Amino acid sequence: MDSKINFERSPATNISILVVGGGIGGLCFAIEAYRKGHNVRVIERRPGLDDLGDIIVLQPASLRSPKRWPGFMERLAVFAYEPVLVWKVYDGTLLGKVQLGPEGDKALPINRNDFHAALFNYAIDIGILVEFNTAVQEYQESGIAGKVKLTDGRMLEADLVVAADGVGSTSWKLITGRKEEAISTGFAVYRVSFPAEPALKNPIIAKEFNGCKTYMGIHFGPDVHGVFGKNESTIWWTMTHKDSGNAEENWAQNAPVENALPYVRDWAPFYSELIKATPGGKAIDWKLMWRNPQPKMVSPQGRVAQMGDAAHAFLPTSGSGAAMAMEDGFTLAACLHIASQRGRHKGDIPLACRVYNLLRFERVACAQLQGFANRELLHKADFAALKKDSSKLPVEMKRWMGNHDPEQYAYDMYEAAANHLIDKTPFADTNYFPGYIYKPWTIQELISASERGEKIELEDAMADLQGEIVDLGAWVQWYAFDVIGEITFKQRFGFKEQRKDINNTIAGIETGLVYASLVGQIPSLHDYLLGSATVNYILTKLTGGAGNPMPTIDQQVKGSVHMTDNDCLGHLSANLLAGSDTTAISLRAVFYYLLKNNNSYRTLQKEIDDANTAGKLSPIITFSESLQLKYLQACLKEAMRMHPGVQFPLERVVPAGGATLCDVYLREGTIVGVNPGVVHRNTNIFGPDSDQFRPERWLNPDEEVVKMMERNILTFGAGVRTCTGKNIAIMEMGKLVPQIIRLFDIEWASNKPEWKVETYWFAKQSDLHVRMRFRTAL
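The opening position of the sequence shown corresponds to residue 19 in our numbering, with each subsequent residue numbered one higher.
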């Protein structure tokens, strides 16, 4: 060990680890595992270090553990680029300069070969053995050891074998029980680096770099994009392009750079000049190979674990291939360390590996899909629109990727994950985009979807609206309409996707409500309006609709005739009339009163955050999970008390013989009604502060007080006249509200201090304009 490095190791765990693969991921794991007290040995099939000089961007999450390695980050600082990426469209139009990562937690761009060398030298300096020219032919295991058979016939074994040997790893046969062939993604990438000084004599190249000490840029056009840069000594460039052929055994083949020129024929001259300046006229044409996502990263007996590209291949457009490999290593090292501290020492190695698998797979799958989505956004961008408005770049660094500490996450989540694996207790990862749910997918499916022009979606429907003023009132109605459409017809209407009132459906319902609420107060008017035979005849001819359906229904009931499709459709459509408006009104009320009462907002946000941190919330929060959020339930009840959806009297007719209510005798036939909004402000029931939004009233330890309040809530009616859709509305609210509060910080953004309420049977609100910013997701 280099005596100059004050490298402190945890107490020895006596766990022996053989790392197959001395690339970036393998070396990161080896160093971190060594720091955790494990015994580490590294073998590498190549004769030496990676000499590819293109860039990798180390996202903040992948730097958490290396920052704990004494002196290592100082070594990297010598080679680091300024974390700024210059964006241009293929014709040279400047779109902007983007900082990679937030201030105080920036990403670290560095040449691949410089980073690889820094890792190797650091590993050697702290005493880790790395053997080159040592290739694995086959992976094996027993109940107590992982084993590898080398191509020279030797057998090596350790308590754990870590397969960090890239996409070509032969570990798949042991992990999945079958040979997993790597397949083409349909793309390849040219990669090359060379001395900067000769190329900078070209004025076009020199002008692009503008005398900068370090520089990174991206130029993109239809179905191709190039990333390039320079530091003080080296220029490098890459170009991702379509490639229909599958790879041979050697995926990194030298190719004439002139083959790249046709891809930039219609571009501004810089990129073609950069290509032509490549010494020797050769570049590596790296076939972008892929294995479809496999949930298994660990062998059946838990003695061989995959990491990095051996477990999950990445497209360069994910911007996270190296970072995810590093995160794998830090997570696995921590899991093994935790296992060694639980008293069972080596006996817990298989469990530790299974926990590692559980903690990593969904985050990795999410990042993999992000790579495909990014490539589609780049290659199929609306270039004309971008040149007019460059404020929204097609791709940006996602905060959910960088805002993470994989090592600490393993320590925080290990027990919950282990209990889930052993006892099947509930568990949900929280280290990826909230709202993303992993569903099996293949590269072939994504390519086909791309060819059909379908968008590869990963994120929330409102992801692109962060920071902008949003009419939240409209969004919650679109949500409610799509949900009731899914429930009623097993198909969403697409309000959220199209972001508009499709076919003026919502406007049509509002028109009907206005008519019913006004004419309902003077029923005799109906005979001269829609109740008129003449008017009905005209409307029937105009719309092709049917007249009064009741005689037909009566006939069908008496004659036991099945209802027609149109009759069924009419009943189903009734769900839409009541099921969307009332839910949307209640959702608007929840968000409005939370925004107007900051203490309640922050209390709810903390409850949701605490549950999320404890692993009690799924990526898409379930109804049963929301019921356990007691303050959330109190907020929902209080919002519906303050603003019930129906604010016309709920009328009843006094039956034969009359009735006495509150010591007042009412004759039979008398119409009696009460406005729910009035009842809900009754101080005798809800307390002297009944005009205030205070969710805590529903958390009163006196159960009788709470029961009395619940008996007098008329938001959904009461008794036999209770709304049949009550439970659906409560379910919708219970799922949406915590999801939004978990994802976003929301602030009032209307130019008016209050919302606007118009009551035509429903008390519908408008002017609920807010600004929404992602908290941890993006």
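Treat the hints with care, as some may be off.
[Stated by the list, open to error] Below 30 Å or equal to it, Euclidean Cα-Cα: the simulated BS3-like pairs (lysine-lysine) are:
(1) Lys260 x Lys442
(2) Lys314 x Lys405
(3) Lys624 x Lys442
(4) Lys442 x Lys518
(5) Lys219 x Lys191
(6) Lys300 x Lys314
(7) Lys260 x Lys406
(8) Lys294 x Lys225
(9) Lys634 x Lys774
(10) Lys405 x Lys115
(11) Lys648 x Lys634
If you are wondering where the hints come from, they were derived from the structure by calculation, not from laboratory data. Remember, predicted model here, so these are calculated numbers, not experimental data.
Structure-based check of each hint:
no. : hint            : verdict
1   : Lys260 x Lys442 : 45 Å, violated
2   : Lys314 x Lys405 : 44 Å, violated
3   : Lys624 x Lys442 : 27 Å, holds
4   : Lys442 x Lys518 : 43 Å, violated
5   : Lys219 x Lys191 : 52 Å, violated
6   : Lys300 x Lys314 : 39 Å, violated
7   : Lys260 x Lys406 : 27 Å, holds
8   : Lys294 x Lys225 : 16 Å, holds
9   : Lys634 x Lys774 : 37 Å, violated
10  : Lys405 x Lys115 : 14 Å, holds
11  : Lys648 x Lys634 : 13 Å, holds
The structure does not agree with the numbered hints 1, 2, 4, 5, 6, 9 stated previously, though it agrees with the rest.
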